[in-house]
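Novice: The chain contents come next:
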Amino acid sequence: MKLKDINSKVDPKFFKEHQQGIYQSLEDKHTTIEEIDAADPLNAKMVLNMGPQHPATHGVLRLILQLRGELIEKGKLDIGYLHRGVEKIAENKTYQEFMPYTDRMDYLSPYNNNVALCAAVEKLAEVEVPERAHYIRMICCELARISSHLLWLGTMVMDAGAISFFIWTFREREKIYDIFDEVAGHRFTVSHSRIGGVASDFTDSAVARIKEFVQKFPQELKDWHKLLDRNRIFIDRNEGVGTLSTERALDLGATGPVLRASGYGVDQRIIKPYARYDEVEFEVPTRLEGDNLARYFVRMEEMRESIRIIQQCFDKMPKGPVRANNAKQAYPSKDEVYYSMEGMIHDFMMTDTGICPPAGKEVYHAVESPKGELGYFIQSDGTGHPWRLKVNAPSFRNLQVLEHILDGEMVADTVVVIGGIDPVMGEADK
Amino acid sequence: MSLELNETLQAVVDGLSNNYSDSLIEVYQSCDHTYIRVEANSILNVCKYLKEEHHFIFLCDIIGTDRYTSDERFEVIYNLMNLRTQDRLMVKIRLEEKNPVAQSVTSVWTSAGWMEREAYDMYGVRFEGHPDLRRIYLPEDFEYFPLRKEFPLLGIPGSIELPNTTPDTE
Numbered sequence: 000m001k002l003k004d005i006n007s008k009v010d011p012k013f014f015k016e017h018q019q020g021i022y023q024s025l026e027d028k029h030t031t032i033e034e035i036d037a038a039d040p041l042n043a044k045m046v047l048n049m050g051p052q053h054p055a056t057h058g059v060l061r062l063i064l065q066l067r068g069e070l071i072e073k074g075k076l077d078i079g080y081l082h083r084g085v086e087k088i089a090e091n092k093t094y095q096e097f098m099p100y101t102d103r104m105d106y107l108s109p110y111n112n113n114v115a116l117c118a119a120v121e122k123l124a125e126v127e128v129p130e131r132a133h134y135i136r137m138i139c140c141e142l143a144r145i146s147s148h149l150l151w152l153g154t155m156v157m158d159a160g161a162i163s164f165f166i167w168t169f170r171e172r173e174k175i176y177d178i179f180d181e182v183a184g185h186r187f188t189v190s191h192s193r194i195g196g197v198a199s200d201f202t203d204s205a206v207a208r209i210k211e212f213v214q215k216f217p218q219e220l221k222d223w224h225k226l227l228d229r230n231r232i233f234i235d236r237n238e239g240v241g242t243l244s245t246e247r248a249l250d251l252g253a254t255g256p257v258l259r260a261s262g263y264g265v266d267q268r269i270i271k272p273y274a275r276y277d278e279v280e281f282e283v284p285t286r287l288e289g290d291n292l293a294r295y296f297v298r299m300e301e302m303r304e305s306i307r308i309i310q311q312c313f314d315k316m317p318k319g320p321v322r323a324n325n326a327k328q329a330y331p332s333k334d335e336v337y338y339s340m341e342g343m344i345h346d347f348m349m350t351d352t353g354i355c356p357p358a359g360k361e362v363y364h365a366v367e368s369p370k371g372e373l374g375y376f377i378q379s380d381g382t383g384h385p386w387r388l389k390v391n392a393p394s395f396r397n398l399q400v401l402e403h404i405l406d407g408e409m410v411a412d413t414v415v416v417i418g419g420i421d422p423v424m425g426e427a428d429k
Numbered sequence: 000m001s002l003e004l005n006e007t008l009q010a011v012v013d014g015l016s017n018n019y020s021d022s023l024i025e026v027y028q029s030c031d032h033t034y035i036r037v038e039a040n041s042i043l044n045v046c047k048y049l050k051e052e053h054h055f056i057f058l059c060d061i062i063g064t065d066r067y068t069s070d071e072r073f074e075v076i077y078n079l080m081n082l083r084t085q086d087r088l089m090v091k092i093r094l095e096e097k098n099p100v101a102q103s104v105t106s107v108w109t110s111a112g113w114m115e116r117e118a119y120d121m122y123g124v125r126f127e128g129h130p131d132l133r134r135i136y137l138p139e140d141f142e143y144f145p146l147r148k149e150f151p152l153l154g155i156p157g158s159i160e161l162p163n164t165t166p167d168t169e
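Line by line, the protein sequences are chains A and B.
Just so you know, we're using numbering that gives the first Met the number 0 here: the first sequence kicks off at 0 and counts up by one.
Just so you know, we're using numbering that gives the first Met the number 0 here: the second sequence kicks off at 0 and counts up by one.
For the record, the hints were derived by calculation from the structure and aren't laboratory data.
Among the hints, erroneous ones may be present.
Said to hold, decoys possible - Chain B is nowhere near these chain A residues, computed Cβ spacing over 12 Å in every case:
1. 163
2. 174
3. 186
4. 226
5. 242
6. 332
7. 343
8. 344
9. 346
To be verified - These stretches of chain A come out as covered by chain B in the derived footprint (C-beta under 8 Å, 3 or more residues):
10. 93 to 107
11. 132 to 141
12. 262 to 272
Idealized CB from N, CA, C, for every residue including glycine.
Required output: the full structure, derived from the provided sequences and hints.
Specialist: Right, dumping it as structure tokens:
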């Protein structure tokens, strides 16, 4: 069979133009993989649709792969199944009102998204954030990073064949959820950060829980290293799979652990330290191999560094307020709201119009989320709503890399490579 | 407004005003970042120049915006990064409302592929020379560009044909 006209073989029921477009684009894709046997006597060529409802694709990701036997000749990605138009919604919300939507973008590390939005708005409106709030944000961001990497570890190892691992990483994740429950009052979508600080200070029991976690977690990490680092099956599944060279990673716009595993140590916490990352010591783990195994090592080491950052934060954290004491810029504390008229008026004003950055200003602020560079670009028109808010989502950029590195892999490795890229569709699809 | 430029960005501004003085429109700063606005028809050359001469090898994002003005309605912002000095530079172009077409920069950075597709999907800005310019989030059958300001927040009923949800019927 010659796959010259894939379109004649498929008969889509709906979104006809869309479906035909994507098959056409697969046909047209240029690939450097050599034609193995042009005659194809065994008729081994086929087009495989994976997803969008595939359990191993980490959400609603659809891959269209052209196979020859077990080899992927070329592949295309179709995303957008989780598109909710959050950028459009943002234009119709106040800055603070939009924050719960950011929780639902990268839902595996909501705290990083909250901080990214708040930091961008604070930069735009020149809001001073108290010292203690910075440290609270850093601690929670690092916890969220560990939580996100734990999910990646569990699912990626499960994709490679070890089911029980998933349970162990989820046990640790559960502890982080309990911490967030204590800190923010929510387990999953925390929305704890506020423009100008954070919603509430740590309670004593929250501090105790975090410290206990920080003390016990390195031992778990060590155990996992012991189990996987020299595991024959795990290494065979991951070594040399989905290889991405440094030049290609830069050209394709990879970010986060994917880029760092390819040998380029770009980390927003170092490049442009936000919060108080310039006052803590940590390393940016980097590997040169660029394959899936390198991504595993980078993420594992990142978790260890996160623990280090949290420990230093506790040493350096000063006492004091957790939110800016300026009624024009941040919500007043609840004590004020309940017991004074002005407090209530200010609270109402903040909810109604919110913070109004100067007109015509533009800001781009990036934080290092677990998936990579998460940036918010905001244009202000002087009202309480952003004129334009653009999210630079790391998963979106890494998925574009996936489209290119799948060419030439085996079909059985697809799932492992997706696991190694670690996309979150909520973020990629916006 | 005076500009506070560091060495790299000063070199960029000097280089652009020497080599591309016709297409350089304005340079300004907002919240720590430098924005350079150039003529739309020179964006490909400017990007090539920035990549080759000033080491802006990393394209972080392409941002489309709708200014909702009668002339030069759409804006496309290229968020570039110099990885050697770790400086960020925003390059802007403006496009007319009628038939907004920009040159594609996919030949400079492959990563522009999806980013340009997103700008096209949301604003209808077409990129000339893009190898695979299709919508990225919405299906091809969708006729509107949702991030344009005139598109209602609630959407347009009937604009998207949904699959039949009851089984065994056509």
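Novice: Hints first: check each against the structure and report whether it holds.
Specialist: Structure-based check of each hint:
1. 163: Holds, since 37 Å exceeds 12 Å.
2. 174: holds (35 Å)
3. 186: For residue 186(A), whose nearest Cβ neighbour in chain B is about 29 Å away, the distance exceeds 12 Å, so it holds.
4. 226: holds (36 Å)
5. 242: holds (17 Å)
6. 332: holds (28 Å)
7. 343: With a cut-off of 12 Å, residue 343(A) remains clear of chain B, as the shortest Cβ separation is near 30 Å.
8. 344: holds (29 Å)
9. 346: holds (26 Å)
10. 93 to 107: With 0 residues in contact (Cβ-Cβ under 8 Å with chain B), the coverage given for the stretch 93 to 107 of chain A is violated.
11. 132 to 141: Violated - the stretch 132 to 141 of chain A has 0 residues with a Cβ nearer than 8 Å to chain B, which falls short of three.
12. 262 to 272: Our answer is that it holds, as 4 residues pass the Cβ test (under 8 Å) against chain B, meeting three.
The structure is inconsistent with the numbered hints 10 and 11, although it conforms to all the rest.
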